[in-house]
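Okay, here's what each chain looks like letter by letter:
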Amino acid sequence: MGVRLLVLVVLSATLMVVDARFESLKPMRSQLGLVLTPFYWLADFPVRMWDGATAQFTSRSELLGENEKLKAEALLMQRRLQKLAALTEQNVRLRELLNSSSLVDEKVLVGELIGVDPNPFTHRILIDKGGKDGVFLGQPVLDARGLMGQVVEVMPYTSRVLLLTDITHSIPVQVNRNGLRAIASGTGNPERLELRHVADTADIKEGDLLVSSGLGQRFPAGYPVAVVKEVVHDSGQPFAIVRAVPTAALNRSRYVLLVFTDTRTPEQRATDSAEAQEKVDRQAEQKAAEALQNEGAGSAPAPVATPAPAGADAPSPAPTAPAKPATTPAKPAATPAKPATQGERR
Amino acid sequence: MIGLRPRNGWVIWFSLGLALLLSVAPLPDFMEVGRPLWPALILTYWVLALPHRVGMTTAWLLGLGVDVLYGTLLGQNALILTLVTFLVLNLHQRLRMFPMWQQSLVLLVVFGLAQLVQLWLNALTGNRPPTLAFVLPALVSALLWPWVSVALRGVHQRLNVN
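Chains as they are written, first to last, in this note's numbering: chain A, 1 to 346; chain B, 1001 to 1162.
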């Protein structure tokens, strides 16, 4: 019995060291994860059943109310989106002027939460997207309100996400108001982040929004992370104590967004958007031509002849569009037609 | 025991699978801290009841399953469950004679030790819980032991597992 214990203990110790120090066990682990994921599905089953049942029996008036609310929300969002599309284009062009390769648009994938780490002292969740969906190690994860964390383990159909508030997690942030940089570390409390090494005299105050700075090369820049809750100036301490509340609903969100950063260069993106623009223009021309054709029933050949040169003309202004701002940077005149290209870029 | 062929072994595996399931079942936040050590509890019953069938190798394999499920270092829970099984195997002849409350008391010590090792290994990988709450699961498990034991004995005798 003692011998067997010794063998098993040594085996476990070796496994632990290998797992902690080397990468060689990762594939085996992810395969094992594939076998054991159904446990999470099963364990979560009652919750999903309950959700399904409540959805089934929601009263009609509640649904109507919710519908009304969502419609109003959609309207508000659309209004903001209209503005955003123009601003995004403008931003892209201004950045191109600055030769900066920063990205504005990223591709996202929606994942669903299927499990929470049973250990109450770690903040990790399991989501239903994995290696087969293109999820990769270190991928940023968001919810509708802000950054949630990053992927730390990828299995074929699921992956594990480390949340911002885990005690082992830190993220580089910026104060949105003035660009002050800092590191926000998790505290093990789902409602609390702490900023490390902020000078006592730094310009930071209650209510400041902290956004990701992108300096760690892991999270995309500009996503909201937390809101400063209190700043304590203690003359006995070398640094100010800054506490913040994460904007993401870390322990409430059921749906998460996985962000894929766009790897195209600014030139490529400019060409792509120009091409998309060209296509849209051509379609518009064609539609106009068809309308003309329907109206002018007698002279059929004439309208057909006109759209052809117009279509050929269309591409010439489009490719120059990205270059145009070089002379007039803040000119928004070229933007109104652009929002249509948004769909093509994603 | 001698001369009996293994019978209804699936019951053991099924109950261990159930233990894995229970160990990841969602719980309200305030109960999460005191989540019972289901794999250790159910394993302990089978080790006490059928020491010739369920031993340290079974415990080790179950522990590997827990590790994958929890995403901890491979081998961490395997090591802990092996240690628990070793202690219970060493004590099993005495433990079987004890009344229920005394069994619970001994198991409290065993599970407490297991949680201590868990804490130590977690500290090695850099996340040490800041409170003493890590002993709570051991206490809850020890309190649950009589019920688990009675329930499993019922299943054991009804299905004549050997």
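There's no promise every hint is true.
[Stated by the list, open to error] Each pair of labels, with its calculated beta carbon distance range:
1. GLU1032(B) with GLN31(A): 24 to 30 angstroms
2. LEU1139(B) with LYS229(A): 46 to 52 angstroms
3. VAL7(A) with HIS1052(B): 16 to 22 angstroms
4. ASN91(A) with LEU1113(B): 55 to 61 angstroms
5. LEU1061(B) with THR54(A): 47 to 53 angstroms
6. ALA1133(B) with LYS229(A): 23 to 29 angstroms
7. LEU42(A) with VAL1117(B): 52 to 58 angstroms
[As the list claims (entries may be wrong)] Reference listing, derived: stretches of chain B covered by chain A, where coverage requires no fewer than 3 residues with Cβ under 8 angstroms from a Cβ of chain A:
8. 1043-1051
9. 1082-1089
10. 1099-1107
11. 1144-1154
Rather than coming from a laboratory, the hints here were simulated on the basis of the structure. The structure presented is a predicted model; accordingly, all values stated were derived computationally and were not measured. Ideal Cβ placement from N, Cα and C applies to all residues, glycine included.
Right, here's what the structure says about each hint:
{"no.": "1", "hint": "GLU1032(B) with GLN31(A): 24 to 30 angstroms", "in the structure": "holds (29 angstroms)"}
{"no.": "2", "hint": "LEU1139(B) with LYS229(A): 46 to 52 angstroms", "in the structure": "violated (34 angstroms)"}
{"no.": "3", "hint": "VAL7(A) with HIS1052(B): 16 to 22 angstroms", "in the structure": "holds (19 angstroms)"}
{"no.": "4", "hint": "ASN91(A) with LEU1113(B): 55 to 61 angstroms", "in the structure": "holds (59 angstroms)"}
{"no.": "5", "hint": "LEU1061(B) with THR54(A): 47 to 53 angstroms", "in the structure": "violated (39 angstroms)"}
{"no.": "6", "hint": "ALA1133(B) with LYS229(A): 23 to 29 angstroms", "in the structure": "holds (25 angstroms)"}
{"no.": "7", "hint": "LEU42(A) with VAL1117(B): 52 to 58 angstroms", "in the structure": "violated (29 angstroms)"}
{"no.": "8", "hint": "1043-1051", "in the structure": "violated (count 0)"}
{"no.": "9", "hint": "1082-1089", "in the structure": "holds (count 4)"}
{"no.": "10", "hint": "1099-1107", "in the structure": "violated (count 0)"}
{"no.": "11", "hint": "1144-1154", "in the structure": "violated (count 0)"}
When held up to the earlier numbered hints, the structure conflicts with 2, 5, 7, 8, 10 and 11 and fits the remainder.
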